[in-house]
Structure formats: C-alpha cells, structure tokens
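Number of protein chains: 2
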Amino acid sequence: MKFYYAPHTCALASHIALEEAGADYELARVDFAADEQRTPAYIAINPKGRVPSLVTPRGILTETPAILMFVAQSYPQARLAPLDDLFALAQVQSFNAYLCATVHVAHAHRMRGYRWADEPTAIAEMIRKAPQAVGECFALIEREMFVGPWVMGESYTIADPYLFTLAQWLELDGVDPKHLPKIADHRARMSERATVRKAIAAETSA
Amino acid sequence: MKFYYAPHTCALASHIALEEAGADYELARVDFAADEQRTPAYIAINPKGRVPSLVTPRGILTETPAILMFVAQSYPQARLAPLDDLFALAQVQSFNAYLCATVHVAHAHRMRGYRWADEPTAIAEMIRKAPQAVGECFALIEREMFVGPWVMGESYTIADPYLFTLAQWLELDGVDPKHLPKIADHRARMSERATVRKAIAAETSA
Chain F
54 MKFYYAPHTC
64 ALASHIALEE
74 AGADYELARV
84 DFAADEQRTP
94 AYIAINPKGR
104 VPSLVTPRGI
114 LTETPAILMF
124 VAQSYPQARL
134 APLDDLFALA
144 QVQSFNAYLC
154 ATVHVAHAHR
164 MRGYRWADEP
174 TAIAEMIRKA
184 PQAVGECFAL
194 IEREMFVGPW
204 VMGESYTIAD
214 PYLFTLAQWL
224 ELDGVDPKHL
234 PKIADHRARM
244 SERATVRKAI
254 AAETSA
Chain Z
54 MKFYYAPHTC
64 ALASHIALEE
74 AGADYELARV
84 DFAADEQRTP
94 AYIAINPKGR
104 VPSLVTPRGI
114 LTETPAILMF
124 VAQSYPQARL
134 APLDDLFALA
144 QVQSFNAYLC
154 ATVHVAHAHR
164 MRGYRWADEP
174 TAIAEMIRKA
184 PQAVGECFAL
194 IEREMFVGPW
204 VMGESYTIAD
214 PYLFTLAQWL
224 ELDGVDPKHL
234 PKIADHRARM
244 SERATVRKAI
254 AAETSA
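For the record, the sequence lines run as chains F and Z. The numbering used here numbers the first residue of the first sequence as 54 and each following residue consecutively. The numbering used here numbers the first residue of the second sequence as 54 and each following residue consecutively.
Bear in mind the hints are in silico, worked out from the structure with no lab data behind them. Be a bit skeptical, because a hint or two may be false.
Which copy? The list can't say, so a pair holds if one copy fits it or any two copies do.
As a list, the in silico SDA-like pairs of lysine to any residue whose alpha-carbon atoms are at most 25 Å apart [claimed, not checked]:
id: 1; residue 1: 101; residue 2: 196
id: 2; residue 1: 101; residue 2: 222
id: 3; residue 1: 231; residue 2: 139
id: 4; residue 1: 101; residue 2: 165
id: 5; residue 1: 55; residue 2: 140
id: 6; residue 1: 235; residue 2: 102
id: 7; residue 1: 101; residue 2: 197
id: 8; residue 1: 235; residue 2: 251
id: 9; residue 1: 251; residue 2: 60
id: 10; residue 1: 231; residue 2: 193
id: 11; residue 1: 101; residue 2: 161
id: 12; residue 1: 235; residue 2: 248
id: 13; residue 1: 55; residue 2: 108
id: 14; residue 1: 235; residue 2: 97
id: 15; residue 1: 101; residue 2: 180
id: 16; residue 1: 235; residue 2: 98
id: 17; residue 1: 55; residue 2: 181
id: 18; residue 1: 235; residue 2: 113
id: 19; residue 1: 101; residue 2: 164
id: 20; residue 1: 55; residue 2: 232
id: 21; residue 1: 55; residue 2: 202
id: 22; residue 1: 251; residue 2: 96
id: 23; residue 1: 235; residue 2: 61
id: 24; residue 1: 235; residue 2: 221
id: 25; residue 1: 101; residue 2: 202
id: 26; residue 1: 101; residue 2: 80
Keep in mind it's a predicted model, so treat the numbers as computed, not measured.
Extracted from the complex, chain F is given alone in its bound form (with noise of 0.2 Å):
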C-alpha cells in the first residue's frame, strides 16, 4: 500500500494507525507549499485533492474514518476497533464523524476559510471565530464523549489517533489545553507512544 500524507495535516491520524496494524506500506508525500494537492498527477490520485490517500491493491481510498476502519477491519490483530460488538462499534464511528465533520470543520475556518466565502472580510471574521468553535467541540468532547484513559475506554482504538490528530492543533487554534485536562493527558500519553513518535519522525523529516 501506499499512503499519501502532508505534514501537520488530518492524515496523521491514518498514518498512526497504519503503524498500530504493523501495516506494510510505502509513504508518499505531498507537498502541500507547492499547491501539489492540486496537481493532475494528485488529482488522479484524489480528485478532491486533499490528503490523505490511502493506494491498495483493490483501489484508492480517501477520507480518515473511512481509512481508519478499513486499517482496524484489515489488521484484526491489532484490535483497533470493537470489531465484534456492533454498538460499540457505531460509537467509535460517532466519535470519528464528529471529530471529521464538526471539530475538523471548526479548525478548518482558521485556516481554509476560502472554501466557504471569498469576501476577505468574511475569512477574517471566521478566523477571530474559531477559537470559539474550536473551543466548544473540544469542551463538548472533554465534558461528554471521552471516557478514559482512552477516548472510547479501557481499549485503544482508531478514535484515540484521530483525537490526538486534532488536540495537536488546540494552540494553533487559540484554545488552551488547560480547561482540557483529559484531553492533554490523553495528548501527553499519546505523543509517548512509540507508533506516534515513529509517525510524526517519518512525516517531518522526510
């Protein structure tokens, strides 16, 4: 396999878990600067032009929940996922598709607000906006959904990449850690771990 990356970008949270299978793939980067994303080369790749992506031997895969429970459902081994309870499951999906379409989204205003208005007025105000946005999801995740120590529990799973992926980002997006404090310990803990330090090395040296 291979799987398309940028640096500082959702598909860390992919990346990990390709690690956490013990998957056997190739990392490819692209070079968001240079507007790569963009190119016919990429865009046959992925014509959203968007990272990551996912290349198997069956086809292209795109889109982070999707990548992730394939990697849980191809390396059962690895136990990413509560593959045989179906309701647990469904709550790992519902954790990810918040993460996906309303945290990521929020954080997404801060930084490609051009997706949404062109008025450079209108980009300014969704910037001085998102810390805001950002904030509550993060309140919402902290107060509601993250169980412990993991996010879903006793059992690591896809959605504790995932969630990492994002809280990197919490400075950035001018919330800070500290009204979070089990998301930044589930942050400290997880940048410890081997698979995320040898997948964050990988991405920023290359």
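Guided by the hints, dock chain Z onto chain F, whose structure is given.
Below, chain Z without anything else, positioned relative to chain F:
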C-alpha cells in the same frame, strides 16, 4: 428503538435506512421551530443538540454515518452494505464521510453560518457562496464518485438514502440539477421507492 428526527434535515437518511432494514422503531419529532433541540430534555439525549439520535437498548447513537452503518450491520439480511468485503465497505464509508464532512457542511453555510461567524456580513457572504460550494461538491460526485445505477454500483447501499437526502436540497441551495443528470435520475428513482415515500410521509405529516 426510538429515532429522533426533524423534518427536512439529514435525519431522513437514517430514517430511510431504518425502513429499508425493516427495523422496529418509533419516531420522535424534535421541533426545531421551537428550539426543542436546545432544551435540557433533548440535550440529555444528544449533548450536541442536533438530529438524528437513535436510542437503542445499549445506548444512544448520533451522527448519520455511524447510524447508517449500525443499521446495515444490525440488519444484515437487508443487504444495505457490502459487509463481507472490507474494501467495498470502506468505499461506502468514504462516500458517506464526504457527504457528512464536505457536502453537508457546504450546505450548512447557507443555513447555519452562525456556527462559524457572528458578523451578519460574513454570514451573508457564506450564503452568497453556498451555491458554488455545494455545486462543486455535487459536480465531483456526478463526475467521479457516482457509479450507477446506485451510488456504489449495482447494489443499493446506505450511501443511497444519504445522497438522496442531501440532493433534495439542491434547488434551495441554488444548484440546478440539470447539470447533474445521474444525481437527478437517482433522486427521482429514490423518491418513488416505497420506503422513501413512507419515511417522508411520516416526517411531514407528524
């Protein structure tokens, strides 16, 4: 099971899937006009204050992609997803993640810009750009993702009611379906389906 919905929301996708599955459930309408989704009673069910929510004997599920997959896995005889083919299943998940995190989000900038901005001029600018953002999403689906005759090909899946639900909003989002012949044809076929007619009738007559 008890299914919380509001008419004209993305809850319709899960509602149709419950019908397709032949699930035993009761409907519970959340009155958005009265801001019922923000009442303590509903926040106790879904702290996000959104629909859909599916109350099961094991607990409450939220987020459309998670509910759809839970229904497909809980009622395998309904064949709503390729449960025995991990790659094909991941493609369904990828499609639904795109609907959830990109297409629905583009639409939400016409309806709920207050999530990401306070300034009325910024919210107006989001509304102005929504037809372009939504239109680009559906054009990508039409060109690159929709296989036909159903979203994923020969088999009807949980991607079909979800696409149908968001495609119902095309005209209101300022997108002309005549440029989207495959999606328009799919929408027309879906709207004739007995399960779809039953779900819509139940939502709009309650």
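Going through the hints against the structure:
1. 101 to 196: between (34 Å within a copy, 12 Å between copies)
2. 101 to 222: Both, since 23 Å and 22 Å are each at most 25 Å.
3. 231 to 139: neither (35 Å within a copy, 40 Å between copies)
4. 101 to 165: The answer is both: 15 Å in one copy and 24 Å across copies each meet 25 Å.
5. 55 to 140: Intra 31 Å, inter 15 Å, cutoff 25 Å: inter-copy only.
6. 235 to 102: For residue 235 and residue 102, the Cα distance is within 25 Å only across copies (23 Å; inside one copy 34 Å).
7. 101 to 197: between (33 Å within a copy, 9 Å between copies)
8. 235 to 251: within (24 Å within a copy, 44 Å between copies)
9. 251 to 60: Cα proximity of residue 251 and residue 60: one copy only (13 Å, versus 47 Å across).
10. 231 to 193: within (15 Å within a copy, 41 Å between copies)
11. 101 to 161: This pair counts as both: shortest intra-copy Cα distance 16 Å, inter-copy 19 Å.
12. 235 to 248: within (21 Å within a copy, 43 Å between copies)
13. 55 to 108: within (5 Å within a copy, 40 Å between copies)
14. 235 to 97: Between copies, since 21 Å is at most 25 Å while 41 Å is not.
15. 101 to 180: Both: 23 Å inside a copy, 22 Å across copies.
16. 235 to 98: Between copies, since 23 Å is at most 25 Å while 38 Å is not.
17. 55 to 181: neither (37 Å within a copy, 39 Å between copies)
18. 235 to 113: Result: close only across copies, 22 Å inter versus 35 Å intra.
19. 101 to 164: Both ways: residue 101 and residue 164 sit 17 Å apart in one copy and 24 Å across, limit 25 Å.
20. 55 to 232: neither (38 Å within a copy, 35 Å between copies)
21. 55 to 202: Answer is neither: 32 Å inside a copy and 30 Å across each miss the 25 Å cutoff.
22. 251 to 96: neither (28 Å within a copy, 40 Å between copies)
23. 235 to 61: For residue 235 and residue 61, the Cα distance is within 25 Å only inside one copy (22 Å; across copies 37 Å).
24. 235 to 221: within (14 Å within a copy, 41 Å between copies)
25. 101 to 202: between (35 Å within a copy, 22 Å between copies)
26. 101 to 80: within (19 Å within a copy, 36 Å between copies)
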